[in-house]
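Participant: This is what each chain is made of:
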Amino acid sequence: MKAPLRMAIRSAAFAAALGLFFIVIFLLAALFVKALPVLDMRLLFGDTPPMEAIMGVRPVFDGLFPAICGTLLLVICAVVLALPMGMGAGIHLALSASPGTRRRIGFCVDLLAGMPSILIGLLGFSIILFLYRYFPFITPGLLPAAASLACLILPYLIRGTWQAIHTLPPELMRTALSLGASPVQALRHVLLPAAKPGLTGCILLSVGRAAEDTAVILLTGTVAAYGLPSGFWDPFEALPFFIYTTAAEYSSQRELAMGFAASLILVGLCGGLFGLAALIRRTVQLKIFTGKLS
Amino acid sequence: MANHFFPAREKGEKIFLHFCGFSAYFTFCLVLLLFGFFLFFAFPLLKSGGYFLLLVTPWQPLAGNYGIAPMIAGTGVISLLAVCIAFPVSLGAAAFCEADLAHKNLVRWIRPVFQLMTGIPTVVYGFLAVFLLVPFLRKAMGGSGFSILAASLMLALLIAPTMILFFSDAFRAVPKEDLRAMTAMGARPEEKLVFLLLPRARSGIVAGLLLAAGRAVGDTLIALMLAGNSLAFPSSLTEPARTLTGHIALVMASDTQSPEFRSIFACGLTLYLITTLLIFFCRRLMVAERENG
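For the record, the sequence lines run as chains A and B. For what it's worth, this note's numbering labels the leading residue of the first sequence as 1, then goes sequentially. For what it's worth, this note's numbering labels the leading residue of the second sequence as 1, then goes sequentially.
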């Protein structure tokens, strides 16, 4: 290969990587700069005293507190709903499924992971409509949205659990079984503790996924202004939806800056979770390769 | 760990195992349920052959036409453009990270940023673009700035990390012995990239491309916020358009018998079929690769 061609290839790769790098840095910097003027306690609580807002004594009107609480509640509900199912399915696929089942269900897991989130939202929405005819108390709200989000993060949990158990050295299981443990005991006392970092990583990843998604909650129960939800069927506010509505209908510079601040918080939350997950995954790989499994 | 024989000793263990099996099949059923739902609601259209008619007719509610052809065109153009922009950039970035082209320390600084990119929510990309990219396009190109171009550019940014991840994995899967053999014969990093890494990583690259295309087709918020959501057929890149996903988000009809509602499910069915096809081919490629190497 001639030198000019080599040079061209190298500079193209440099241009692509550095260009992408600087665009992302620029976007994050712009986000930070625009959000800076409103980064204080008023951003979260508006004019309500913080303690009273946290205790729920007085509602918060122009702060992000209800949106942050809504997102947290939503994510917690979604993970609580999806975690047992996801881990159960992952364990089944990793340990006791036949190759055929593994292939079939594996395909479905991949399909669900690649499904556009709006389709899952649409499914949730039509199920709510369908059930509303027979059970009028079922309306778009916190629980239906969390259930839809649970469907969204289910494939990530399944894949994560499956991978975490599958990548363990096979001697672990064999040793535990030969010492007289039943397979479920081996799973509980040996495999799951050894797979803990991998499991934590996949849970963090799915929390991040649930926190960032907008399309699902757009169809299943989030509203622009409601305050704290008081029950499972109440509508709720959420950070991503706040960002979406601010982009379209902000009325003052302060509201716009609050949109940037909300974006910053969301990026911090999701980026932090994803980064933590990546860090844990790297530690796991190190542990597996050096054989130090404690 | 291939252990297909996994018996239980006590009753509790049996219940636990049954629960695990049930969860696995639940996922299976969920995917079928999703398909069934779209089929059920779009069935009246399918029966009369109207589904295929919808795919080619425009959206003119006053004339009684609820076709989704403009949305299919919008989705197609925006996703295709996004993939075309993102592919060379991601390939370059992945080569930068994996092919020894740059100094190790530089890569160590840049790679985490690409990893961080996977964690940036789509709504944030949309929000930033509304206030940074759209005014710029408005000045540069005229019009409102909410256009196919704006949506494609941001979508390219969204799918780039997915592609980089896949390409990097594909490059890393090339056996180290082959790389060392080429080095021993005096090959430069660029030559190793072009003659060894790229040909060997081909199926991984195509799989990443398909998966990223799936993400581009399925993303809602960027297209909804940036593409302008016009219902006309797009005639140039600076004009607004509407995607299938955006259409679903915008048409919130609660009357299940209305033609608008049915058209949403026609959109949903179309999206489902596109996604299924892309993932099917992606998986086949990955499986074929695993069997070969």
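Treat the hints as calculated values from the structure; they're not laboratory data. Don't be surprised by glycine CBs; every beta carbon is placed ideally from N, CA and C. You may find that some hints are simply not true.
As the list claims (entries may be wrong) - 27 Å max Cα-Cα, derived DSSO-like pairs, lysine-lysine: (1) B:Lys-192 x A:Lys-2; (2) B:Lys-176 x B:Lys-192; (3) A:Lys-2 x B:Lys-104; (4) B:Lys-11 x B:Lys-104; (5) B:Lys-176 x B:Lys-104; (6) B:Lys-176 x A:Lys-34; (7) A:Lys-196 x B:Lys-11; (8) B:Lys-14 x A:Lys-196; (9) B:Lys-11 x A:Lys-2.
Unchecked claim - Output of the computed footprint for chain B on chain A, the stretches with three or more beta carbons under 8 Å from beta carbons of chain B: (10) 16 to 30; (11) 104 to 116; (12) 144 to 151; (13) 220 to 233.
Participant: What are the numbers of the hints the structure violates, in ascending order?
Facilitator: The structure breaks hints 4, 6, 9, 12, 13; every other hint is satisfied.
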